[in-house]
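There are 2 protein chains.
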Amino acid sequence: MSGVIIVHGGAGAWDVPKDRAAASMCGVKAAARAGYKFLSEGGSAVDAVEAAVMSLENNPLFNAGTGSILNEDKGIEMDALIMDGSNLKAGGVCSVTNILNPIQLSRVVMDKTEHVLLAGVGALAFAKEMGVQTATYEELHTELAQYKYDNRIGIKGTKGPVLEYKDTVQSIHSDKDLGTVGAVAMDKDGHIAVATSTGGMTGKRPGRVGDTPIIGGGMYADDSIGGVSCTGHGEAISKVCLAYRILQSMSSGTSTEQACTDGVQHMQEKVGGVGAGVIVIDKEGQPSYSFNTGGMAWAYIDKNKDIHSGMLPGDHNTEKFKPQAS
Amino acid sequence: MSGVIIVHGGAGAWDVPKDRAAASMCGVKAAARAGYKFLSEGGSAVDAVEAAVMSLENNPLFNAGTGSILNEDKGIEMDALIMDGSNLKAGGVCSVTNILNPIQLSRVVMDKTEHVLLAGVGALAFAKEMGVQTATYEELHTELAQYKYDNRIGIKGTKGPVLEYKDTVQSIHSDKDLGTVGAVAMDKDGHIAVATSTGGMTGKRPGRVGDTPIIGGGMYADDSIGGVSCTGHGEAISKVCLAYRILQSMSSGTSTEQACTDGVQHMQEKVGGVGAGVIVIDKEGQPSYSFNTGGMAWAYIDKNKDIHSGMLPGDHNTEKFKPQAS
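As you go down the protein sequences, you meet chains A and B in turn. This note's numbering numbers the first residue of the first sequence as 16 and each following residue consecutively. This note's numbering numbers the first residue of the second sequence as 16 and each following residue consecutively.
Bound conformation, chain A alone:
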């Protein structure tokens, strides 16, 4: 086989206009193709997930890279992480500004430093030193992100530091499009990699770091078990180490589907998380997706090169791979 890749474009209510929903579906399929291109040419899973996430970061519809949401001060601060399941190497950035592709910077952190995670101004200085492409605020800013900021329920009037938990729930439900992105791939050698990227939550405090750059929280990769990327309420996901928990459960023989269901249920029981979406590739190369939110844009390309995709519960479209379509 050439390999397998699965991507998601965030879980949420997805109560979005039909034209934007269709554009999001095109976006996740294009990202899966962008990653698969590497796999089909014999490239690594790490290259594939980096390319897939870059595609989503460059798509202004998704909340990562260009199109990242605005924080309380209208700033754009991004988190990302990439992990190689063959050796558990990882690299990530948190609360970083002015980077065109945070996942590209994460890759350089993984490959060129002894560290796993760089924050804020230190991460930006490292990017400049390494020649990773920067971006102005205007280049990252989109009308969609501004619209979300201007219309967000639960932030206006609660400008102070205390946001009650019910406001968080409210904001999750009212935020039509969370849009954090992630990708999991297995290459021809059976190696698994995961990449995640996000702008966070609209109206978040400056400096807030979610689950996306947290190893074991928003993602994990281990060739001997599988790879997982999670999306949803970052604080809830972090508190229960959701990605690691799901893989540990799979490792002890639980089916992927059951491990995802159990993991999200554990999260909701323990910390009241409002729901989450998960994409997985197991050690046999079987891709899976799971969400208990209103929707999650997802797409995968399987061992037969068929492209599968969907967004709402029950959606599952299949089409033949057309490389020219990428």
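It is worth saying that the hints were derived from the structure and are not from the lab. Honestly, I wouldn't trust all of these hints.
The following residues of chain B were derived to be distant from chain A, with all beta-carbon distances above 12 Å [as the list claims (entries may be wrong)]:
#1 Ala37
#2 Asp62
#3 Leu115
#4 His156
#5 Gln161
#6 Glu299
#7 Gly300
#8 Lys320
One-sided and incomplete, this derived list gives chain B residues near chain A with beta-carbon spacing under 10 Å [stated by the list, open to error]:
#9 Gly135
#10 Gly231
#11 Lys254
#12 Tyr259
Beyond 12 Å from chain A on every Cβ pair, some chain B residues (computed) [what the hints assert, rightly or not]:
#13 Gln273
#14 Leu327
#15 Lys337
By construction, the Cβ of each residue, glycine as well, lies at the ideal position given by its N, Cα and C atoms.
For this one, chain A is given, so just place chain B on it according to the hints.
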């Protein structure tokens, strides 16, 4: 019972002068007493671990708060995290500067925001807004941290971004005193809390975030299983979600001792970590410590109010609690 508390002052070679070793032992015992004071007065485990870690942060011998090590640019950037095992609430900061007690700021993040982790300038701005005590560089800087920076093997001559793994190993072994701090406590109601704080690794890249502020990496607390704080090579600990792994193992019936041994062995097999230290309180209130490094300064106060402490392998001193000694 009043409660139980265990603290550590970092794992490493501990090839330190005898007078400094003795001072470190006084430091961990004083920290255990500072936390126990809350427990004996009916206070919460969260209050106890915050007080214990503040005591270690304020002690210039330890690499946290005052006495934090210097990064590559001689800057002082600190990480900390506190977690309440009764509800899995958590609060932390990473790569934050100019804070006298990062664990105090972490507590405010936990109690007064909807977020779990704040980074860098955002974390500092939040501290100022909330009136959390700041500190100048000079107030946090110590001669000991400067000495470590000036004499560090493996940093000089590798000023560039690439530090080979062997350099990391070298630096761990040559850094006589890692000194990251942590505390785990159980209160009279059986609630468990964990707090951790660090200045990181001498010569680290600006912005580097280790395992200390990562839920499930350097620490975890869950009343239904126990509480864990880890210390050692932060990148290695993060990559295997060491604290969460140990608790999951205990949850499935493995003894605390075996779970710690298995966890650290897994880390060394998977990512070549050079060793680690772990402190634990299980759901029955039994404190434990474990390390496979040259030493770890630790102290605990048990249900009988006896104070136990040690540093080198085999050390285990016991004395009666004398409240006036705090």
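Here is what the structure says about each hint:
1. Every beta carbon of chain A lies more than 12 Å from that of Ala37 of chain B, the smallest distance being close to 33 Å; the non-interface claim holds.
2. The beta carbon of Asp62 of chain B sits about 20 Å from the closest Cβ of chain A, which is more than 12 Å, so the claim that it is off the interface holds.
3. The Cβ of Leu115 of chain B sits about 18 Å from the closest Cβ of chain A, beyond the 12 Å cut-off, so the non-interface label holds.
4. The beta carbon of His156 of chain B sits about 19 Å from the closest Cβ of chain A, which is more than 12 Å, so the claim that it is off the interface holds.
5. For Gln161 of chain B, the requirement that its beta carbon stay farther than 12 Å from each beta carbon of chain A is met, with the minimum near 20 Å.
6. Against chain A, the non-interface label of Glu299 of chain B holds: every CB pair exceeds 12 Å, the least being about 21 Å.
7. The Cβ of Gly300 of chain B lies farther than 12 Å from every Cβ of chain A, with a closest approach of about 21 Å, so its non-interface assignment holds.
8. Lys320 of chain B, annotated as away from the interface, keeps every beta carbon of chain A farther than 12 Å; the closest lies near 33 Å.
9. Against a cut-off of 10 Å between C-beta atoms, the interface hint on Gly135 of chain B holds, since the closest Cβ of chain A lies about 3 Å away.
10. At a threshold of 10 Å, the smallest CB-CB gap from Gly231 of chain B to chain A is about 4 Å, leaving the interface hint in force.
11. Interface restraint check: Lys254 of chain B against chain A, minimum CB-CB distance 4 Å, threshold 10 Å, status holds.
12. Satisfaction of the interface hint for Tyr259 of chain B is found here, the shortest Cβ-Cβ separation to chain A being roughly 5 Å, below the 10 Å cut-off.
13. Distance check for Gln273 of chain B against chain A: the nearest CB is about 17 Å away, which clears 12 Å, and the non-interface claim stands.
14. With a cut of 12 Å on Cβ distances, Leu327 of chain B stays outside the contact zone with chain A, its closest approach being about 28 Å.
15. Chain A leaves Lys337 of chain B outside its interface by the beta-carbon criterion, the shortest separation being 38 Å against a cut-off of 12 Å.
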